[in-house]
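Chains as they are written, first to last, in the working numbering: chain A, 273 to 634; chain B, 2 to 532.
Facing chain A, a subset of chain B residues (Cβ under 7 Å, in silico):
1. Asn-193
2. Val-199
3. Ile-200
4. Thr-201
5. Gln-214
6. Val-218
7. Gly-411
8. Pro-435
9. Asp-491
Please keep in mind that the hints were generated in silico from the structure rather than gathered at the bench. Backbone N, C-alpha and C fix where the C-beta goes; we use that ideal spot for every residue, glycine too.
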Amino acid sequence: MTRPRLGLVVNPLAGIGGPAGLNGSDDAAAIQRAIAAGARPQATERAARAMAAFRRESDASVVTGPGALGADAANCADIVPHFITGTAEDTRALVAAMQDRVDLILFCGGDGTARDVAAANQAGVPILGVPAGVKMHSGIFSRTPERAGQGAAAFLAAPQHPTELVEILDIDEAARARGRLSAEVHTVARAPLLQTALQGPKSAGNSAVGDLDAALARYVAEMQPGVTYVIGPGTTMAALKDRLGGGTLLGVDAARNGRIVGRNLDRAGIETLATAGAVRIALGVVGGQGFLLGRGNQQIGPATLRRVGRDAIDVFCTPAKLAALPRGLCVDTGEAALDAEFAGYMQIATGPGRRQVVRVGS
Amino acid sequence: MTAPISRRSTSRFEGYHAPRWAEPVVHELSKAGRRGLVFDCPKTEPNLPEMARRQTAPDLPEMTEHDALRHYLHLSQMCLGMMGVSLFGTCTMKYNPRIGERASLEHLAHLHPLQHPDTLQGLLEVYAIFSDMLCELSGMDQFVFQAGGGADAAYTHACVTREWLKARGELGQRDQIVTTIQTHPCSPATANAAGFEVITLSLEEGGYPSLDQLKSVLGPRTAALMVNNPDDMGIYNPDIKEWVRLVHEAGGLCFYDHANFNGVMTRLRARELGFDACMFMLHKTFGAPKGGGGPAVGAYGCSEELKPFLPGPLVVRDGDRFRLEDGEQSLGRVREFMGNAPQVLKAYAWARGMGAEGLREAADLSVLANNYMDKRLGEVRGVSRSNPDVDVPRMEMTRHSFEQVTADTGCTVVDISMRMTDYGIDALWLSHEPWLVAEPFTPEAGELWSKEDIDYWIDVLAAVVDEAYESPETVKSAPHKAPIHQLKGDALEDPARWATTWAAYLRKHGAPVSDRERDQETPFPIGGQSA
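Model the full structure from these sequences, guided by the hints.
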């Protein structure tokens with residue numbers, strides 16, 4: 273086996289809009305305004321912090337891009353030749369060039385960078401984010417640059433290279449401009465499966481994911497014959513779909529009698545199912561803002577929701593993810609009156625025989 | 002290993018360094034024929050069944066008494082010896098008076114639980130009187146000392162609930178136990194283990210779940226409420242009486258996990274708040290030693306109504322005599338015999354020594370010390386506390402956060418905790434999971450620690466935070482003055498490398514540890530902490 277190698281990709285302009293209050297650094301005009309306002313890029317410094325932590329624990333070789341794309345943050349790395357354009361194309365080209373040479377891509381940026389990395393990463397190399405963006409709703413980011421560096425070192429050192437699927441989210445900028453915060457799941461990527469960094473002396477290992485999987489297993493075992501289960505998007509629901517023969521990751525699917533019977537259903541298709549017989553709806557929680565309905569699952573329309581009713585909705589989420597939602601869950605069905613009906617306390621399945629009460633706002 | 006009081010000041014911080022011994026594993030110290038005590042060989046072969054006879058002698062290290070003593074002294078010196086300033090929240094760290102050890106040696110070492118109760122009258126009297134004392138403190142009608150720890154006492158309650166429901170014909174119908182996210186994880190865990198579904202309430206604006214949230218889950222399936230109060234963040238729920246009333250109205254029992262009793266000793270009685278049962282930890286609140294998961298005692302107390310279901314045997318007073326009795330409706334046993342009798346005796350001695358006035362003073366000191374710490378910690382750069390908008394006074398502990406320090410410097414609570422080791426401070430208690438507060442730590446001073454101890458602890462913490470801002474690398478790469486530097490901890494994730502016994506070590510590694518580089522990798526889990 274060859275020695276593991278780390279790829280480093282820095283988006284030098286990531287986060288530049290943050291201090292300037294620009295809600296992101298997605299478009300070129302915004303970046304120009306930020307620089308004109310005196311903003312200084314911080315991505316290189318944050319990448320250097322991650323690399324310092326990485327170097328403390330690993331002597332793996334590093335592959336990166338020239339100058340601000342990575343070389344500035346990492347000493348003694350192999351440089352992939354690339355002409356810097358100062359656009360997202362840099363990230364994509366660098367990832368494409370290194371994907372079959374490295375075992376892990378450590379990238380430094382925000383949600384936009386994560387999308388670019390995931391899109392160019394056709395080989396499916398595991399990726400891990402150093403937080404440096406304005407928006408970081410995706411689960412791909414470590415909490416600090418140091419943790420990203422330590423996590424990368426631990427992953428490369430682990431003989432099994434354990435990974436998990438993580439959702440890549442981003443905010444819909446057009447919707448935000450209209451005053452609506454709307455995080456969408458864009459894709460999923462393989463990320464290192466890291467122990468919740470550095471456990472305290474009294475805590476046990478993290479078994480939350482296993483607990484949730486056991487809750488899904490029990491849910492499947494207790495499914496009622498003849499009832500149609502409409503199952504939402506996301507990784508948690510994909511795990512449920514896997515137990516029913518496999519479904520889509522980002523679509524709304526339906527199952528009956530223990531098997532998936534419809535994939536990637538649209539609003540009309542779901543409404544047809546809901547009028548045909550008994551229906552329950554199973555949902556995960558889209559990270560960041562904690563949307564239960566109306567983000568990534570708009571296929572489940574108001575008519576269906578009204579017909580099925582709140583009591584026939586089953587939600588699954590880990591306690592850690594719920595803990596990260598300071599304002600609880602929220603719904604945006606598209607109809608204010610229906611949102612109000614869905615508001616209030618809801619019990620979310622967190623494990624086998626375990627439910628947590630969370631307040632749903634509208 | 003904390004510096005003497007007179008020398009404690011920031012300028013003397015640099016003087017500390019932990020001792021470091023090149024200490025082999027005890028098996029490597031073994032030399033054939035070495036002995037501590039030499040016993041006479043038995044004249045006759047012991048009469049054992051063939052199946053029970055060993056074919057080969059056990060592979061025990063052979064060494065002298067002083068070799069063994071020195072070995073363990075060295076090990077204790079390399080892990081702070083548990084004699085530093087340890088403000089370990091939710092654990093109520095107390096000095097364990099040595100007289101308790103002597104009392105249990107003198108009075109219990111020659112007893113056996115299978116003796117006839119007539120020959121155990123003194124011990125049974127201790128159990129009976131101590132039960133009375135705890136009943137006085139809690140308002141309950143009977144205590145049982147069988148549970149081997151707090152979680153075991155919580156489990157006892159889940160089992161009592163089951164038997165109570167069975168007697169009422171409601172078992173199966175009432176299958177949900179309600180708890181809160183800030184209740185100790187042993188409540189939901191033991192409720193699950195006893196077959197109940199667990200409904201966990203989330204915190205709201207006041208720092209605890211609202212009455213409306215509680216009402217949303219109560220109903221014909223409610224079997225019990227299991228909560229602690231004050232909770233893990235040190236916040237006392239002012240609606241607790243109403244909570245109990247609502248749960249009773251729904252038809253469930255109420256259990257008070259009194260793990261955090263220290264701040265309210267003699268100030269409130271669980272029964273007067275309406276609770277049906279409660280639990281005290283003798284190895285925390287009542288001065289008996291703890292460590293390594295036992296031996297401990299979770300003293301479980303309950304109302305007259307629940308008494309028939311308690312695990313047996315119960316000590317029953319019969320004139321001036323005492324006997325052991327198993328009730329007909331008893332749930333059976335949660336542990337062997339009468340539990341950890343030496344711990345009960347030590348806690349009894351401690352409580353007798355303190356007296357009612359002493360307990361009250363201790364409770365007040367706990368709250369005073371915590372509020373002093375809260376004030377001083379609030380002055381440390383980047384340190385905040387949980388629920389900053391909640392202005393109710395904190396009881397015996399407060400949850401704080403290094404979130405701002407981490408954001409500014411990259412140094413996490415674990416980094417800071419490790420760096421504090423360089424000043425002889427034991428690891429910080431962080432938080433149960435999931436973390437509701439980022440980069441949390443939860444100190445608790447109790448009544449034991451002097452103002453000088455508390456000041457030293459906070460001075461060290463403040464100095465490390467300053468260092469995080471000035472020289473973050475020093476903090477992140479800590480400890481520097483501990484016997485073992487940062488562990489990568491990956492050996493603990495790798496079944497091919499970890500070993501918890503010598504036999505497993507030889508099987509997996511083949512060679513004794515002395516042939517390897519001890520600095521690089523520690524194949525034996527040392528403590529629970531990894532970095």
